[in-house]
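Chains A and B supply the protein sequences, listed in that same order.
Mapping to the numbering used here: the first sequence position 103 is 103, numbers consecutive.
Mapping to the numbering used here: the second sequence position 15 is 15, numbers consecutive.
Please keep in mind that the hints were generated in silico from the structure rather than gathered at the bench.
What you are looking at is a predicted structure, and each value in this text was computed from that prediction instead of being measured.
Possibly wrong hints are sitting among the right ones.
Stated by the list, open to error - Stretch by stretch, here's where chain A covers chain B in the computed footprint (C-beta under 8 Å, at least three residues):
{"no.": "1", "stretch": "19-30"}
{"no.": "2", "stretch": "59-72"}
{"no.": "3", "stretch": "103-111"}
Here a beta-carbon is modelled for each residue, glycine too, at the ideal position from N, C-alpha and C.
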Amino acid sequence: QAVLTQPPSVSGAPGQRVIISCTGSTSNVGDGYDVQWYQQLPQTAPKLLIFSNDNRPSGVPERFSGSKSGTSASLAITGLQAEDEADYYCQSYDSSLSGVVFGGGTKLTVL
Amino acid sequence: EVQLVQSGAEVAQPGESLKISCETSGYDFTSHWVAWVRQIPGKGLEWMGAIYPIDSDTVSETIYSPSFQGQVTFSADTSISVAYLQWSSLTASDTAIYYCARQALNRNYFDFWGQGTLVPVSS
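Please work from the sequences and hints to get the whole structure.
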């Protein structure tokens, strides 16, 4: 069972906005550790989408944004496009486990 | 351009040993941790641990997730900028895709990933 909790699936129509949540605890997200988000398109390697809670690497569209509050974080995708259909994973560091932790992943379906 | 290129798929039998590679380029190999991440088909990402490659005269630093401690071994060859993941005795439960990923400098996240190596273990 993943340390960070994500909904298994979300969906939205093209052009809509969707939000994916990531819930942690006081030993990871709530302990001040940054949250990252990765996008994994079908049959490909994960790709860094958001780092340090709300920063986009070069080349990531502004439609993707991240936020963090307390023991939770969120990834928002606006102007949904068919190409956004993928699995999304949140990631942080856990001080109790002394290691990197991932969420279980959320499958985004574009209707 | 930073690149991590992994070795090809390896079909193996239970009990066999195996070593897969992650060839890096485009950055100073001895300045970043290289992590290994497992993905069982249809499942999520699991951090296995990481290695900090140090020059050839010094043993590289490693950290293992408790779930993988004693099950796998990380190593690196700084002369060719390659990281390795190896098993001494595979089991069917090791069947997965294994990714290497560069850890961002002084950060706990992964900014560049290899393409993955599929390791099916079957008799």
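Here's how the hints hold up against the structure:
Check on the stretch 19-30 of chain B: 0 of its residues sit with their Cβ under 8 Å from a Cβ of chain A, so the three-residue criterion for coverage is violated. For the stretch 59-72 of chain B, the proposed coverage by chain A is satisfied: 3 residues have a C-beta within less than 8 Å of a C-beta in that chain, meeting the threshold of three. Here's how the stretch 103-111 of chain B fares: 6 of its residues keep a CB closer than 8 Å to some CB of chain A, so the rule of at least three is met and the hint holds.
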